[in-house]
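A.B. asks: One-letter residues, chain by chain:
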Amino acid sequence: MKKLVNAAVVSASLLSPAYLLLIVNTGTAIPVAAGQFASIGLPGVCLRRPFSIHDADGAVLSFLIKIVGGGTRRLAKLKPGDTLSIMYPLGNGFMLSEKPAVLVGGGCGLAPLLLLAKQLQAAGARPLAVLGGRSKDDIVELGALAKYAAVRVATEDGSLGARGLVTAELNDLKSGAAVYACGPEAMLKALHKLAAEKNFHLQLSLEALMACGVGACLGCVTDTLKDGRVCVCSAGPVFNAEDLPW
Amino acid sequence: MVDLSVDIAGLRLKNPVIAASGTYGYGAEYADFLEIEKLGGLAVKGTTLKPRQGNPAPRLAETPSGLLNTVGLQNKGVDYLIREHLPKLAGLNTAVIVNVCGSTPEEYRAVVKKLRDQPAVSALELNISCPNVSQGGLACGTDPDTAAELVKQIKPFCDKPLIVKLSPNVTDIASIAQAVEAAGADAVSLINTLLGMAVDIETQRPRLSTVTGGLSGAAVKPVALRMVWQAARAVKIPVIGLGGISCWQDAVEFLLAGASAVQIGTANFQNPLVMLEIIAGLAEYLQSKGLAKITDIVGGLKIPD
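Chains G and V, in that order, give the protein sequences.
If you're matching positions, the first sequence starts at 1 in this note's numbering and goes up one per residue.
If you're matching positions, the second sequence starts at 1001 in this note's numbering and goes up one per residue.
Please note that a few of the clues may not be correct.
[What the hints assert, rightly or not] So the derived label-pair ranges between C-beta atoms look like this:
(1) V:G1299 with G:A59: 43 to 53 Å
(2) G:D227 with V:K1289: 28 to 38 Å
(3) G:D223 with V:T1104: 25 to 35 Å
(4) G:E242 with V:T1171: 22 to 32 Å
(5) G:D223 with V:S1175: 54 to 64 Å
[To be verified] Straight-line C-alpha distance at most 25 Å; calculated BS3-like pairs for lysine-lysine:
(6) G:K2 with V:K1038
(7) V:K1076 with G:K226
(8) V:K1050 with G:K2
(9) V:K1038 with G:K226
(10) G:K3 with G:K118
(11) G:K3 with V:K1050
(12) V:K1050 with V:K1076
[Said to hold, decoys possible] Which chain V residues face chain G? A few, computed with CB under 8 Å, are given here:
(13) T1023
(14) Y1030
(15) A1057
(16) R1059
(17) L1060
(18) V1071
(19) P1119
(20) C1247
(21) P1272
(22) L1273
(23) L1276
Rather than coming from a laboratory, the hints here were simulated on the basis of the structure.
We treat Cβ as the ideally placed atom computed from N, Cα and C, and that holds for glycine.
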């Protein structure tokens, strides 16, 4: 059941110059599947914005948000007790597999992976998480993630972890693994190609500009092999890689 | 208790607030958030004879106080609507208006024929104004003669109130409204989206896949209000006003300007409950003015001499 609530801000703290951890209390505990998202009304912009749910604990939700413009800058200025209109949980989350789990996050693509790691661990898995970014400034929440997963880091400038792209970290991946990924489209496309070569099962969380967030306006479509153009918000945002014609 | 009900050419609405086509899906998408039956009506997505994939992504671009879209009439076709959606819509206890679109007069007519004798459908809204399809749509909605000819061809096959949805992308809205009235339209709704465009200056590309798209949202409200006022003065049939209505005060402006009912579109994306707030606000407005019926304010604009 989706709900529209006025949530109370618990905290809005900067993890790095560009990354915000926003924690809210929605006043109502709704089960959330990792990969589902919330649509948040931002002060001063026309459309609500979709954000992956980073963590969910009863009525407390957290969001990992990259500050990219006026709306997200205003989110960073929220004070405890401020209210935000939040519609959640939306879309379909990751399907948890019993295969060895590898989580791949590029930059803010880490957002849905914390809750995923937590849910995988609760299901008895010990996932590996590979985080990538341009530099160490793009790598946040390592401590939080390490509670649920073994973590590897790759940065393009080598300022943290291995120098290079996350895909290079997957070269020794055994076939038959289940890879869960979220991040920039170029990274997802590289993984899509790698999945076919290395024969691992890949789920991708796509990002899209959305208007309604519930499959009504048909604004956020992506092409799929079986069903043609479908809404990222309601048919996704998580897709099986083999369903995408990339 | 005030009376919010309106009668649009035989279409009875419990209140004058209708979800605009393309913004509220088939109602079910929002059913977790509100009781759809509290709405005066629900105009479902533009429906064509055959399934349409619509335009490629990106289909949306946000602009100051507005939204550009180029969905391009993606829908699964009228047969799917009849089979999958109408049975569910029939139980909703709100007026269901099917927005009908086509590329040729024959296609429009075929869709209208299929919707005959469908008890779940309260009225048809003939979309002659979609800016995002290459044929039909806008092309036939910008010329009074072409628009009238299309309405003439459709009307004999339509067994329900026929609302014609007008484009704002014209120089003289009054003459189009008069032309479709003379051709048999039972009501007009306006405005559809305004043709617009946005550019990403980093990539130097258009922000929409089709370069241009339809602008909606608060940004278009003054233009919509002006056109509703002009159309309402020009015709005797009811006018349904839409375009950027975001709160009950906006709705009152449209009603005063001559609209018998209003449609709410883009504002639903910001606040899925906005239509309920508008309905409540209209009732309070009537009470504050000591009026008993919403129809008391329709066209009540006072223009000083």
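A.B. asks: Indicate, hint by hint, whether the structure satisfies it.
C.D. replies: Verification of the hints:
no.: 1; hint: V:G1299 with G:A59: 43 to 53 Å; verdict: holds (48 Å)
no.: 2; hint: G:D227 with V:K1289: 28 to 38 Å; verdict: violated (51 Å)
no.: 3; hint: G:D223 with V:T1104: 25 to 35 Å; verdict: holds (27 Å)
no.: 4; hint: G:E242 with V:T1171: 22 to 32 Å; verdict: violated (52 Å)
no.: 5; hint: G:D223 with V:S1175: 54 to 64 Å; verdict: violated (42 Å)
no.: 6; hint: G:K2 with V:K1038; verdict: holds (19 Å)
no.: 7; hint: V:K1076 with G:K226; verdict: holds (15 Å)
no.: 8; hint: V:K1050 with G:K2; verdict: violated (32 Å)
no.: 9; hint: V:K1038 with G:K226; verdict: violated (37 Å)
no.: 10; hint: G:K3 with G:K118; verdict: holds (23 Å)
no.: 11; hint: G:K3 with V:K1050; verdict: violated (34 Å)
no.: 12; hint: V:K1050 with V:K1076; verdict: holds (7 Å)
no.: 13; hint: T1023; verdict: holds (6 Å)
no.: 14; hint: Y1030; verdict: holds (7 Å)
no.: 15; hint: A1057; verdict: holds (5 Å)
no.: 16; hint: R1059; verdict: holds (5 Å)
no.: 17; hint: L1060; verdict: holds (4 Å)
no.: 18; hint: V1071; verdict: holds (5 Å)
no.: 19; hint: P1119; verdict: violated (24 Å)
no.: 20; hint: C1247; verdict: violated (14 Å)
no.: 21; hint: P1272; verdict: holds (6 Å)
no.: 22; hint: L1273; verdict: holds (7 Å)
no.: 23; hint: L1276; verdict: violated (11 Å)
Of the numbered hints given earlier, the model fails hints 2, 4, 5, 8, 9, 11, 19, 20, 23; all others are met.
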